[in-house]
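Protein chains in written order, with this note's numbering: chain A, 1 to 103; chain B, 1 to 699.
Simulated from the structure, these hints should not be mistaken for lab results.
Fair warning: this is a prediction, and the values are worked out from it, not measured in the lab.
Cβ atoms here follow ideal geometry from the backbone N, Cα and C, with glycine treated the same way.
Treat the hints with caution; some may be incorrect.
Mimicking DSSO-like on lysine-lysine, the simulated pairs with C-alpha atoms at most 30 Å apart in a straight line are [claimed, not checked]:
{"no.": "1", "chain 1": "A", "residue 1": "Lys53", "chain 2": "B", "residue 2": "Lys379"}
{"no.": "2", "chain 1": "B", "residue 1": "Lys672", "chain 2": "A", "residue 2": "Lys28"}
{"no.": "3", "chain 1": "B", "residue 1": "Lys574", "chain 2": "B", "residue 2": "Lys379"}
What follows is a list of derived Cβ distance ranges for each label pair [stated by the list, open to error]:
{"no.": "4", "chain 1": "A", "residue 1": "Thr26", "chain 2": "B", "residue 2": "Phe661", "range": "50 to 56 Å"}
{"no.": "5", "chain 1": "A", "residue 1": "Leu71", "chain 2": "B", "residue 2": "Val652", "range": "37 to 43 Å"}
{"no.": "6", "chain 1": "B", "residue 1": "Leu668", "chain 2": "A", "residue 2": "Val11", "range": "29 to 35 Å"}
{"no.": "7", "chain 1": "B", "residue 1": "Lys672", "chain 2": "A", "residue 2": "Leu19", "range": "28 to 34 Å"}
{"no.": "8", "chain 1": "B", "residue 1": "Leu668", "chain 2": "A", "residue 2": "Leu19", "range": "33 to 39 Å"}
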Amino acid sequence: MFQVGLTHFLVVSTILFSLGIYGIVTRKNAVMVLMGIELILNAANINFIAFAKYGNFGLNGQIIALFVIILAAAEAAIALAIVLNTYKTFSNVNVDEIDKLKE
Amino acid sequence: MSESLLINLSIIILFLPLAGFIKVVLFGKKFPKLYLLEVAIISIAFALSVFVMYSKLAYYNTKDIIGAFTWISTGNAPFSDVLNIELGIKIDNVTVIMLFVVNLISMLVHIYSIEYMRGDKRYTRYFSYLGIFTFSMLGIVLTHNLLMMYIFWELVGLSSYLLIGFWFEKKSAADAAKKAFIVNRIGDIGMFIGILILFTSYKTFTFDTIFAQIAAGNLPFGSSAWLTAAGILVFMGAVGKSAQFPLHVWLPDAMEGPTPVSALIHAATMVAAGVYLVTRIFVMLTADAMLVIAVVGAFTSLIAATIALTQNDIKKVLAYSTVSQLGYMIMSLGVGAYVFAFFHLVTHAFFKACLFLGSGSVIHSMHHEQDIRNMGGLKKKMPVTYWTFLISTIAISGVPLTSGFLSKDGILAGTLAFGKLTGHWLIPIIGFTVAALTAFYMFRLVILTFHGEPRDHHKFDHAHESPLVMIAPLAVLATLSIFIFYTPNPLSPDAGWFMSSWVKTPEQVTPVDTRFDFLKPSAENIHGGHHGEIVHSVLYTETMHWAHYPAMILSLVVAGLGILTAFMFYQWKKINVDKLIENKFTNALYRGSLNKWKIDEAYDATAINGTLQTGSGLSWFDQKIVDGAVNGSARLTRIVSKISGWFDTYAVDGFVNFTAFFSGFIGLSFRKLQTGKVQTYIVLVVFSVIILLLFFKPF
Chain A
1 MFQVGLTHFL
11 VVSTILFSLG
21 IYGIVTRKNA
31 VMVLMGIELI
41 LNAANINFIA
51 FAKYGNFGLN
61 GQIIALFVII
71 LAAAEAAIAL
81 AIVLNTYKTF
91 SNVNVDEIDK
101 LKE
Chain B
1 MSESLLINLS
11 IIILFLPLAG
21 FIKVVLFGKK
31 FPKLYLLEVA
41 IISIAFALSV
51 FVMYSKLAYY
61 NTKDIIGAFT
71 WISTGNAPFS
81 DVLNIELGIK
91 IDNVTVIMLF
101 VVNLISMLVH
111 IYSIEYMRGD
121 KRYTRYFSYL
131 GIFTFSMLGI
141 VLTHNLLMMY
151 IFWELVGLSS
161 YLLIGFWFEK
171 KSAADAAKKA
181 FIVNRIGDIG
191 MFIGILILFT
201 SYKTFTFDTI
211 FAQIAAGNLP
221 FGSSAWLTAA
231 GILVFMGAVG
241 KSAQFPLHVW
251 LPDAMEGPTP
261 VSALIHAATM
271 VAAGVYLVTR
281 IFVMLTADAM
291 LVIAVVGAFT
301 SLIAATIALT
311 QNDIKKVLAY
321 STVSQLGYMI
331 MSLGVGAYVF
341 AFFHLVTHAF
351 FKACLFLGSG
361 SVIHSMHHEQ
371 DIRNMGGLKK
381 KMPVTYWTFL
391 ISTIAISGVP
401 LTSGFLSKDG
411 ILAGTLAFGK
421 LTGHWLIPII
431 GFTVAALTAF
441 YMFRLVILTF
451 HGEPRDHHKF
461 DHAHESPLVM
471 IAPLAVLATL
481 SIFIFYTPNP
491 LSPDAGWFMS
501 SWVKTPEQVT
511 PVDTRFDFLK
521 PSAENIHGGH
531 HGEIVHSVLY
541 TETMHWAHYP
551 AMILSLVVAG
561 LGILTAFMFY
571 QWKKINVDKL
581 IENKFTNALY
591 RGSLNKWKID
601 EAYDATAING
611 TLQTGSGLSW
621 FDQKIVDGAV
631 NGSARLTRIV
641 SKISGWFDTY
651 AVDGFVNFTA
661 FFSGFIGLSF
671 RKLQTGKVQT
681 YIVLVVFSVI
691 ILLLFFKPF
């Protein structure tokens, strides 16, 4: 009988992580990049939960997942604020063109 | 008639011409008539000098009047003895006679110049120069010390320079002025050294103090050789100023100046200053110095007379005649005939000034023609000039009844006595030869100028007698060439007032063993003489008496021969002169005389060329060696700095630049990594993490 185990969770989280990375790297819009970051964070959350269910760590994993969700919310707020400011400064949220730091 | 009055009057006489000079220099342009003031001033000075001469000769005949003050006193300054330098004037009989002569001729020349120089564009300046010359000359005459003598000596040199070069637009005049100045400088250096020898020994410039020291047996540096040297060196000043061989070359060239100037300066007064100087230092001359002086004078008189024979320029003949007569005076001083030397100075001043002014009158009327080959026959056109010229010529030739006869005869008797006493017979022989030559060339001049037929009819037709202001001075000077002004006996000057009471040979102060035998005081007569007057030995007195008649007869014979030859050659044409010089030997002599024995050329080749060569040699040394060393070191420095600069540019800078370039290069290559794009960084981070995980395999 097909048994859902730790490996499946990890595979899902890996796929999610890879999609997140892909989103970050390929998207030009800063909002899309942020969404990629959200995907990565959630991939990490899946890992935490999975290890909490199948591992011998108690509730620690679930607690950290909660923390991550809160942190993601805070991060999204700050990052969106940055994006808004970026847009104000450059009239643009295209990460390719915002490379002032290079000069 | 007090002594101080005479001193004060002399000072006024001295400074009057200077005042004229200053006035004309300051206001000459504003008042073109101011030259008349200058003439008036010199006339006043002349009147005063007549008065001074009369008073001195009449009331103080045997007394020297001295007025002096201390000009510089060093006190007891450290490192030197007490030094008192005096300025002052000394009036003795020689001085007052010179005062009279200088002022008289100066006045006559001033009057003469009014007409002669009329129309010249520097008319007033000319008179101011005459004024400063007269001032300087009177300074020489009046001074009682060698320092003032030297200063005024240079001042007459300056005024002579200014007047020779008066027409400085002419190159020859400017050159002649320069030549006169430079040649005189050579003599003056000797004079200066001589004065310094005396000054270092005696710490004074005053004549009488120096002579008193020598008389007391106090010789310069303790040796009579130094005394001889001092005498000869001071005499060198006279060699320059009185145009003695070998420094006689400037005087003939000085004829480039205006003719009245030649009469005043280069015939009568300034050139006689040398003779005057020797009369001043006569008492300190040793036998050796006197012999040198006699030989120089004799040689000069001979060489100048031979040159005068063939010159064709009227002024050149007179110039060489002047040199020759000055040689006579110097020779006369050398042989100890002091009185005759001074007597000849005075008589020569009058008749030679007359001759020059006469030649000026001729030149004036001939429109500046000076070549006697273009003259002739002027006797009819210019009677006054002719007769005055003739009287002066007779005087200079030494014909009786003239002043020249008296003085020349005295000089010749002196040389004859000298020859007998010392054995130097060459000097009287030269003396008589020159007397013959003088008579010949002077009559040649008169005949070619005034007698015969005119050779340049165009100029002759325009010739005319000069105006009164020009011929009046001629008449005065010609009159003064008559014997009666000097002595009642036309054949012997001894009875005359000039010889018997006015001028006396002063007593030598040199050590007895350095004098000529005939100048030593004799034992039997030593108490007989007056103070300050030489007491000749019996031998000398007898020899002079012995010499008197032979000298007179001989001088008459040679003068007659000279005059006769001149008439034979040029008046009656019994002897063809052109034929005479065809002979090889006579031709050589003629050419030598005509070319002035090539003395100028010899100086050009030796002294002048030598100086130029030395100069260019030194300049070569400067340019090649000194400049070369400087340039070489500069070049070396440049090369070193170039190398060092190259090292800096390429090695040091290269290293620094390379470092910077390398850093830049590194930076550039690493800069590529920093794209500034967050996504690139993320990709890199992800791949790095993956690679790290693969490497370290933590699982």
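Against the structure, the hints come out as follows:
Between Lys53/A and Lys379/B the alpha-carbon distance is near 168 Å, which puts this suggested pair outside the 30 Å criterion. Between Lys672/B and Lys28/A the CA atoms are separated by roughly 20 Å; this keeps the pair inside 30 Å, and the hint holds. Among the hinted pairs, Lys574/B with Lys379/B is consistent with the structure: their alpha-carbon atoms are about 22 Å apart, no more than 30 Å. For the pair Thr26/A and Phe661/B, the beta carbons lie near 39 Å from each other, so the given range of 50 to 56 Å is not met.
Checked against the given bound of 37 to 43 Å, the beta carbons of Leu71/A and Val652/B, roughly 58 Å apart, lie outside it. For the pair Leu668/B and Val11/A, the beta carbons lie near 44 Å from each other, so the given range of 29 to 35 Å is not met. Checking the proposed 28 to 34 Å range against Lys672/B and Leu19/A shows it holds: the Cβ atoms sit about 29 Å from each other. The supplied range of 33 to 39 Å is met by Leu668/B and Leu19/A, whose beta-carbon atoms lie about 37 Å from each other.
Violated hints, in rising order: 1, 4, 5, 6; the structure is consistent with all others.
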